[in-house]
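S.K.: Chains as they are written, first to last, in our numbering: chain V, 1 to 263; chain X, 1 to 317.
Check before you lean on any hint, since a few could be wrong.
Said to hold, decoys possible - Listing some non-contacts, in silico: residues in chain X with all C-beta distances to chain V over 12 Å:
| # | residue |
| --- | --- |
| 1 | M1 |
| 2 | A31 |
| 3 | Y111 |
| 4 | D116 |
| 5 | T167 |
| 6 | F171 |
| 7 | E211 |
| 8 | E224 |
| 9 | L226 |
| 10 | G240 |
| 11 | D287 |
| 12 | A290 |
| 13 | D297 |
| 14 | Y298 |
Unchecked claim - Listed next, the stretches of chain X that the computed footprint assigns to chain V, with coverage defined by at least 3 CB atoms under 8 Å from CB atoms of chain V:
| # | stretch |
| --- | --- |
| 15 | 88 to 98 |
| 16 | 132 to 139 |
| 17 | 184 to 193 |
To be verified - Where chain V lies over chain X, by a calculated footprint (3+ residues, C-beta under 8 Å):
| # | stretch |
| --- | --- |
| 18 | 41 to 48 |
| 19 | 60 to 66 |
| 20 | 76 to 85 |
| 21 | 248 to 257 |
| 22 | 274 to 286 |
What the hints contain is simulated information worked out from the structure, not anything from laboratory work.
The beta carbon of each residue, even a glycine, is placed where N, CA and C say it ideally should be.
In case you want the letters, here they are:
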Amino acid sequence: MKVLVTVTDVAVVDDEFEIDGLDVDERYLTYELNEWDDYAVEEAVQIAEDVTDVEVVTVTVGPERSEEVIRKALAKGADRAVRVWDDAIAERDLLDAETKAELLAAVAREEEPDLILSGVQSGDDSFAATGVTLAEKLGDEWAAVVNQLDLDQDEGLASVHRELEGGVDELTDVELPAVLTIQTGINEPRYASLRGIRQAQNKPLDVKSLEELGLDGSALESPLRWTATYEPESEGEATVFEGAPDETAGELAGVLRDEGVGQ
Amino acid sequence: MTVLAVAEHRRGELRDVSHELVSAGRELADATGSELHVAVVSGDVESFGDELTREGVDAVHTVDYGEEFNHDVYVQAVEALADDLDPQYLLLPHTVNGLDYAPAVAERLDYPLVTDAVGLEADGSLTVTREMYGSKVETTIEVESDHAALTVRPAEWPAAPSGGDATVEPFDVSIDEGAVRSTVTGFEEAAGGDVDISEADVLVSVGRGIEEEDNLDIIWDLAEALDATVSASRPVVDNGWLPKNRQVGQSGKVVTPDVYIAVGISGAVQHVAGMKGADTIIAINKDPNAPIFDIADYGIVDDLFEVVPALTEQFGG
Ligand SMILES: Cc1cc2nc3c(=O)[nH]c(=O)nc-3n(C[C@H](O)[C@H](O)[C@H](O)COP(=O)(O)OP(=O)(O)OC[C@H]3O[C@@H](n4cnc5c(N)ncnc54)[C@H](O)[C@@H]3O)c2cc1C
Ligand SMILES: Nc1ncnc2c1ncn2[C@@H]1O[C@H](COP(=O)(O)O)[C@@H](O)[C@H]1O
Numbered sequence: 001m002k003v004l005v006t007v008t009d010v011a012v013v014d015d016e017f018e019i020d021g022l023d024v025d026e027r028y029l030t031y032e033l034n035e036w037d038d039y040a041v042e043e044a045v046q047i048a049e050d051v052t053d054v055e056v057v058t059v060t061v062g063p064e065r066s067e068e069v070i071r072k073a074l075a076k077g078a079d080r081a082v083r084v085w086d087d088a089i090a091e092r093d094l095l096d097a098e099t100k101a102e103l104l105a106a107v108a109r110e111e112e113p114d115l116i117l118s119g120v121q122s123g124d125d126s127f128a129a130t131g132v133t134l135a136e137k138l139g140d141e142w143a144a145v146v147n148q149l150d151l152d153q154d155e156g157l158a159s160v161h162r163e164l165e166g167g168v169d170e171l172t173d174v175e176l177p178a179v180l181t182i183q184t185g186i187n188e189p190r191y192a193s194l195r196g197i198r199q200a201q202n203k204p205l206d207v208k209s210l211e212e213l214g215l216d217g218s219a220l221e222s223p224l225r226w227t228a229t230y231e232p233e234s235e236g237e238a239t240v241f242e243g244a245p246d247e248t249a250g251e252l253a254g255v256l257r258d259e260g261v262g263q
Numbered sequence: 001m002t003v004l005a006v007a008e009h010r011r012g013e014l015r016d017v018s019h020e021l022v023s024a025g026r027e028l029a030d031a032t033g034s035e036l037h038v039a040v041v042s043g044d045v046e047s048f049g050d051e052l053t054r055e056g057v058d059a060v061h062t063v064d065y066g067e068e069f070n071h072d073v074y075v076q077a078v079e080a081l082a083d084d085l086d087p088q089y090l091l092l093p094h095t096v097n098g099l100d101y102a103p104a105v106a107e108r109l110d111y112p113l114v115t116d117a118v119g120l121e122a123d124g125s126l127t128v129t130r131e132m133y134g135s136k137v138e139t140t141i142e143v144e145s146d147h148a149a150l151t152v153r154p155a156e157w158p159a160a161p162s163g164g165d166a167t168v169e170p171f172d173v174s175i176d177e178g179a180v181r182s183t184v185t186g187f188e189e190a191a192g193g194d195v196d197i198s199e200a201d202v203l204v205s206v207g208r209g210i211e212e213e214d215n216l217d218i219i220w221d222l223a224e225a226l227d228a229t230v231s232a233s234r235p236v237v238d239n240g241w242l243p244k245n246r247q248v249g250q251s252g253k254v255v256t257p258d259v260y261i262a263v264g265i266s267g268a269v270q271h272v273a274g275m276k277g278a279d280t281i282i283a284i285n286k287d288p289n290a291p292i293f294d295i296a297d298y299g300i301v302d303d304l305f306e307v308v309p310a311l312t313e314q315f316g317g
């Protein structure tokens, strides 16, 4: 059995930052493994530990920078990785969910996994759409926002809980092959061990261009244009206390006492 | 031309977002000189249909098939409706169920998809406002196409008032059962747990800024000094540091205390959904740009590990 996990790095913005053109200035960005994908990788690795003969492959659309989080996924137990990138992709300033899914689908068609695990959303763009779009492109079944997963390989069925609003889970049986978008909290992602980190250096990480995936530039065409980025006007009128902690705490204590708290 | 909005319901009730979609849809319809149609799929479509004849709705289409949301059914039904009505814009909710079918519908209809819209402007072309980097910036996306599918953020638009005079018409779709490859078998409520945070008057709520489980002590100390209850944002619960029944937000509890003290919580939309109804909101966060300050009444921009003990001390703790 093969499990494909979509993995991306996400940009985290510093407390203070500036916008340069369409995006936050690169100087104020640091990159980390997308939280939701961390849980997806863990879920795949746990399946591989429970069931014999499971290969876990990660796939990423991203520049060389993203190899850092890919190695992390490999260190946590994925077997090998595919990274899709080339100059034509680098030129696009907006990689929308449909375009990403198109590229991921090309890899999925080569890999023919039984199960694809994706994250509910990327922490930076938060489209929350790539996984289900990918499923539809592949003609696979899917389930979004999964916080519990039981696989029945003989039946070719995934029994999942989908986490709805308000603390209610929906229980759903999904036919395989399927794409599941994984919600945080489904498991406890492990830390990579030193041994894992060493082993990850030697695991295969293939880089593929559009051409190598049998795609041409049309795969990157999209009617969506990213036209502006700005800091939202603060709607808030918060009274912010300034000064040393004992002063600000004193002022806040005054507010709380006025509210009748902690008398 | 037509704008088509698709309502959402669960376990016999229309969800609020359905009426908000009507407001967003009316806005787009007015800007483009279009009609606003609303569709409702599955469940008690007759009563849902009546309830959806809100002000600004021109027609309601009901698809009577099954009880609860099933994405395979929804995709087929909305595809058939779109084939029939050729809507310029398709409006779907950015809810957990919306995430489960909107991308598939858009893909099948070959409509470009923009998710989690917080603003819509149609003036020649369509421009969608959305947020990035956990609400730290806003971006605009222009859609260079005469069709688009949009998911709309809940609680951004007001609910459309009832009292419209739209016609309600059943819409016939023959659902291909062979293409329904997922089955909803039931629902499960999260367990009750030790406290009901929605009953608390004062909440001290802790987020990822607390960094480690052991550091929670300072939160408990503050709560004790204030005679308050401890709640949390999602990462604290995901990490197993506090039980699920203490989670505030979209997938946790909605709370409306007199005072809500957010400590090391950024104010992500899914968190805010659960606490924006608090009377007085206080934020302690080292990041002056954290979105929680947009809804806070009082704030301290500083290190929580300094401020929280100092605050506890003010109350003799
Ligand atoms: C479908 C779905 C459902 C969700 N449901 C929920 C939900 O019900 N509830 C919920 O909370 N989230 C929910 N989320 C997750 C949500 O998107 C955010 O990821 C989450 O709310 C972030 O929690 P946080 O603010 O604690 O962490 P972060 O966003 O990481 O924020 C941590 C904050 O702590 C501050 N900080 C760090 N160190 C310090 C310090 N020393 N002193 C002071 N401040 C400090 C930082 O500046 C930052 O603002 C959901 C997400 C999805 C996709
Ligand atoms: N560039 C990418 N490469 C690989 N997977 C991605 C990429 N972007 C998004 N994904 C996957 O799709 C999920 C949802 O992302 P999004 O639709 O961008 O919010 C993420 O959690 C990832 O699993």
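S.K.: Does the stretch 88 to 98 of chain X contain three or more residues whose Cβ lies closer than 8 Å to a Cβ of chain V?
M.R.: Our answer is that it holds, as 4 residues pass the Cβ test (under 8 Å) against chain V, meeting three.
S.K.: Taking the minimum C-beta separation from T167/X to chain V, is that value above 12 Å?
M.R.: 31 Å, holds
S.K.: Holds or violated: the stretch 184 to 193 of chain X covered by chain V, criterion of 3 or more residues with Cβ-Cβ distance under 8 Å?
M.R.: holds (count 7)
S.K.: Is D116/X truly not at the interface, in the sense that its beta carbon sits beyond 12 Å from all beta carbons of chain V?
M.R.: The assertion about D116/X is violated, with a minimum of 6 Å to chain V.
S.K.: Examine each Cβ of chain V, and state whether all of them lie more than 12 Å from the Cβ of M1/X.
M.R.: 18 Å, holds
S.K.: Should the label of Y111/X as a non-interface residue stand, given a Cβ cut-off of 12 Å to chain V?
M.R.: 10 Å, violated
S.K.: Would you assess whether Y298/X, listed as outside the interface, keeps its beta-carbon beyond 12 Å of every beta-carbon in chain V?
M.R.: Answer for Y298/X: violated, closest chain V Cβ roughly 5 Å.
S.K.: Between the stretch 41 to 48 of chain X and chain V, see if three or more residues pass the 8 Å beta-carbon test, and mark the coverage as holds or violated.
M.R.: violated (count 0)
S.K.: Mind taking a look at whether chain V covers the stretch 248 to 257 of chain X? Criterion is 3 or more residues with CB to CB distance under 8 Å.
M.R.: Check passed, 5 qualifying residues.
S.K.: Grab the minimum beta-carbon distance between L226/X and chain V and tell me whether it stays above 12 Å.
M.R.: 4 Å, violated
S.K.: Just to make sure I understand the rule, a stretch counts as covered if three or more of its residues have a C-beta closer than 8 Å to a C-beta of the chain. Does the stretch 274 to 286 of chain X meet that for chain V?
M.R.: Answer holds; 4 residues pass the 8 Å Cβ test.
S.K.: Against chain V, does the stretch 76 to 85 of chain X show at least 3 residues with beta-carbon separation below 8 Å?
M.R.: That given contact is violated, which follows from only 0 residues of the stretch 76 to 85 of chain X lying within Cβ reach (below 8 Å) of chain V.
Hints 3, 4, 8, 9, 10, 11, 12, 13, 14, 18, 19 and 20 from the list above are not met by this structure, while the remaining hints are.
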